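Novice: For reference, the chains in residue letters:
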Amino acid sequence: MSPAALTPELTLTAGAVLGILLGSWLPRHRQWVVRLLAALACLVGLAATAAAIGGAPQLVFGGSYAVDTATNAGRVIVLAATLLTICLSIDTVGSHPRETEFYVLMLLAALGTIMLVGATDLLLLMAGYLLASVPLYALAGLVKDALGTEAALKYYLMGALLGVTMLTGITVLYGAGRSTGYATLAQNLPGAPQAAVAVGLVAVLAGLLFKIGSVPAHFWVPDITEGASTPVAAFVTTVPKIGGLIATYRLVAEALPAAGVNWPLLVAVLATASMTLGNLAAFFQDTVRRLLAYSTISQVGYLLLAVAVATRSELALPALLLYLAAYAVTNLGAFAVVAALPHAPNLADYRGLARRHPGLAAALVVCLLGLVGTPPTAVFLGKLEIFSAAIDGGYAWLAVVAVVNTIASLFYYLRWIAPAFAAEPETYSEEVLAPAGRWPALGAYTAAAASLALGVAGGVVLPLVSGPLLP
Amino acid sequence: MLSLIVFLPLAAAAVLVGVPASAGKRVFTGSWVTVAAADLALVVAAWIGYDLGGGLAYEQRLPWIPSAGVSYHVGVDGLSLPLVAVTAALFLACAIYSLRQTHRVKSFVLLFLGLQTVSLGLFTALDLILFFVYFDLSIVGMYFVIARWGHGRARQSALTFFLYTFLGSLALLLGFIGLYLAADPHTFDIVALTRTNPLAGGELYGALVLLAIGVGLAVKTPTVPFHTWLPPAHTDAPAAGSAILAGVLLKMGTYGFVRIAMPLLPDTWRQYAGVVVVIGVVSVLYGALVALAQEDFKRMVAYTSVNHMGYVVLAVGAAGLAAGSDEQARSLAVTGAVTQMVSHGLLTGALFLLAGVLHDRAASYDMGAYSGLAGPAPVFAGVTGLVVFASLGLPGFSGFIAEFQILAGSLGPATVATALALLGILITAGLLLRALHRVFLGEARIPGAPESGFTDLKPSETASIVPLLALAILIGVLPRFLLDVIEPSSATLIGVVSS
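Top line first, the protein sequences correspond to chains A and B. Heads up, our numbering is the position in the first sequence plus 171, with the first residue counted as 1. Heads up, our numbering is the position in the second sequence plus 449, with the first residue counted as 1.
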């Protein structure tokens with residue numbers, strides 16, 4: 172194996188280590204150097220991934236880590252999302268006493284997420300899970316107020332419990348399949364006791380569902396989104412989903428394709444529950460962050476559609492990767508608007524936004540209608556591909572459920588858009604819509620533009636995410 | 450050529466975004482009128498250059514998302530060219546009518562320019578996804594028009610409109626995906642799908658795809674029982690918005706039947722044509738009867754739209770009924786359907802602009818509150834009278850040409866249904882005449898401030914409404930220039946559906 176294949180991962184590690192060292196010696200007003208370093212690490216990682224795209228897929232790390240289309244796509248999405256989150260965080264975290272820690276933890280969480288993406292071995296999957304989770308527990312509690320602490324504690328307890336469950340599941344699968352590598356598991360599991368395989372799979376899924384914030388492991392999502400600072404909320408509801416979903420896809424597609432367990436149905440039921448419960452809960456939320464929190468839960472449901480038909484349709488993998496990229500930019504864009512208007516926590520506070528900040532209002536419309544899946548935004552293309560994959564894979568009923576849920580979601584997104592374009596309230600206060608600074612606004616414009624560009628130029632992107640998994 | 454027609458308004462909007470709103474409203478309304486006029490001139494040029502053979506003209510195909518089977522494929526034939534022309538004419542009329550617009554002029558103009566691109570794009574699209582993109586964007590654009598410039602309960606009406614029609618559009622998307630997956634190789638191209646006919650045989654899969662597409666188009670058309678979004682949306686929308694909604698957006702539904710549902714699913718269409726006929730007749734009668742009960746002028750016009758679109762649905766259904774009828778009659782029905790789309794676009798557009806005049810003067814649509822307007826506003830009364838006569842299908846106007854062809858073409862294949870639909874014409878005539886009688890004749894009475902009087906049509910209103918009426922009369926008296934374009938294409942369509 173050549174270390175060159177792991178350049179993006181190594182860059183992130185080096186960035187994190189150098190960052191913590193630098194941060195220890197720098198005075199507080201010069202800690203922006205660490206932020207620069209973090210952004211640089213992401214950029215170098217992106218460049219290295221760009222160079223690796225199109226290369227021959229290979230297994231590294233003793234066959235436990237795959238560098239293939241999915242890994243490369245996952246790397247690009249994670250690194251780009253991290254870069255965008257750094258952009259959002261500049262005004263919130265700048266000159267904060269824990270600025271260095273913030274960026275180092277974020278780099279480590281991104282690294283853990285990328286490891287989840289590429290892992291083809293249960294033990295590496297567990298390591299990735301821990302690396303992607305532990306830094307986020309700390310990040311969630313960085314704002315030391317009551318809400319933030321409660322959220323961080325809830326997040327930690329749930330993560331620890333489901334992490335242990337996942338470890339148990341790994342033990343069971345190891346016992347049943349006599350290996351932790353996916354390739355060997357795929358050979359041995361069909362002959363293993365079905366009950367053991369089912370128990371092991373469900374337990375491993377429990378951990379992954381926690382990472383992606385899907386029903387029934389979603390209870391932390393609203394608390395974190397409301398309690399943590401906006402950049403952290405944006406990161407936690409976007410980036411771990413990328414790792415968790417591709418990891419789930421790899422697990423079911425590579426380790427369990429022939430096992431007798433009916434996992435497609437299980438995933439389909441989870442997808443339905445996630446979409447429906449997320450949407451129903453989002454309906455009458457009055458704070459923007461809780462609304463976005465439940466919206467992310469419902470979005471996971473659509474993404475799980477692709478996992479359900481992982482072995483039944485060739486369209487599933489490109490659909491998943493495209494939707495993940497689209498979701499990442501669009502969701503971050505919506506959070507960027509929230510970050511740009513820190514004094515407007517409620518939907519009603521957005522009255523008159525179109526008049527005061529037409530640019531932000533336009534970005535908000537693009538991102539929210541993008542989350543619905545209105546063309547020509549990126550999520551539309553993602554939904555098109557995911558619905559095609561679901562119907563192609565024989566799960567047409569799931570596509571119908573997703574369509575009904577999409578309509579339902581339109582209702583609450585419009586509850587946010589409508590006040591933004593309404594006239595200003597009579598008791599009008601300058602401070603409510605006072606902007607935070609130019610960085611979050613820049614992030615919002617970038618994300619909205621990227622969402623549109625990805626939708627219109629989908630023809631360029633789609634071939635890049637189409638390719639088989641390894642092995 | 451077509452891309453220029455489609456994207457000219459959008460390009461103009463992109464330029465106007467950079468102009469500050471403080472530049473004065475004349476800059477925006479003036480450039481809007483100019484752009485709309487230039488676009489109409491281009492469409493007229495395209496019409497003159499159109500070869501009457503019935504095939505696709507001005508075709509252009511570029512790869513867009515090749516790996517997903519999506520291409521940028523545009524072209525027009527006799528079914529779409531008339532609708533493109535109506536769209537361009539109606540947007541020009543709205544631009545002239547809106548010269549007096551005062552509320553948030555810049556965003557109003559930008560939104561309408563965007564809507565024009567979307568509407569023209571839809572009628573020229575020859576790729577299902579391209580069609581869907583425009584279809585969805587038209588909903589988004591109209592939502593903002595109703596929500597921001599509407600009156601009354603505009604926000605609720607806009608929300609109902611968005612949710613309901615979005616449901617329809619997603620049903621449509623599922624149907625499109627069904628077609629895409631059935632084709633080998635997978636493609637969204639309408640021309641290729643027509644040629645290969647992937648769902649020949651019309652089994653359950655084909656029926657489900659037709660159901661999804663049919664529901665999607667029926668919501669947009671709208672037919673009974675999917676019409677409930679229409680009356681509130683129309684009542685609360687601004688005049689120009691109503692005109693575009695009724696004149697252009699409703700046609701997207703009926704156009705979808707002749708462009709997508711019929712040629713792409715010919716066997717399934719024939720199988721279920723009876724259902725379509727029944728839905729058409731129910732829409733005709735229900736729309737007419739409910740319109741009869743309305744007190745609100747705009748709501749009444751909205752329900753007559755349900756009635757008029759019902760004739761189109763009846764015609765396309767009858768065209769699918771193969772039993773014992775000659776191709777010529779069924780082709781006549783399709784020609785009538787397209788003519789009806791054109792005629793309804795012109796006349797209902799004019800009617801809604803006239804309703805806007807009513808609201809502008811006395812802020813009410815309540816027909817019971819008005820009386821004897823012919824005294825203070827003779828031109829307004831005269832124009833409204835002519836438009837109403839045209840709308841109820843009097844010979845000499847476009848409505849007659851359309852409805853006569855529809856009924857003559859459908860009588861053979863669907864005799865009972867056509868006989869019932871004739872009743873609809875009778876009711877519509879009655880209710881429109883009753884409305885004229887109530888509002889314009891008798892002693893002068895105006896709600897609100899009676900002493901201020903009722904100003905007659907202003908120049909911008911006359912210049913926007915009268916040309917639409919003139920076009921309707923032109924089609925009514927000299928229909929050949931239109932029918933020569935439509936007929937070859939409807940014959941081609943019937944050939945595809947019957948084979």
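If you're looking for bench data, these hints aren't it; they were derived computationally from the structure. Remember, predicted model here, so these are calculated numbers, not experimental data. Built from N, CA and C at the ideal position, the CB exists for glycine as well. Among the hints, erroneous ones may be present.
In silico contact screen, one side only, chain A against chain B (beta carbon under 8 angstroms); selected entries [unchecked claim]:
(1) F454
(2) L540
(3) I578
Residues of chain A placed beyond 12 angstroms of chain B at every Cβ, according to the derived structure [to be verified]:
(4) V574
(5) A607
(6) S637
Novice: Report holds or violated for the interface hint on A:F454, using the least CB-CB distance to chain B and a cut-off of 8 angstroms.
Specialist: 13 angstroms, violated
Novice: Report holds if the minimum CB distance from A:S637 to chain B is greater than 12 angstroms, and violated otherwise.
Specialist: At about 6 angstroms from chain B, A:S637 fails to clear the 12 angstroms cut-off, so the statement is violated.
Novice: Do the numbers back the hint for A:I578, that is, is its least Cβ distance to chain B under 8 angstroms?
Specialist: 5 angstroms, holds
Novice: Are all C-beta atoms of chain B more than 12 angstroms from that of A:A607?
Specialist: 25 angstroms, holds
Novice: The hint names A:L540 as touching chain B; please verify it with the least Cβ-Cβ distance against 8 angstroms.
Specialist: 6 angstroms, holds
Novice: Compute the least Cβ-Cβ separation between A:V574 and chain B, then decide whether it is above 12 angstroms.
Specialist: Since the minimum Cβ distance to chain B is about 4 angstroms, A:V574 lies within 12 angstroms and the statement is violated.
Comparing the model with each numbered hint stated earlier shows that hints 1, 4 and 6 do not hold.
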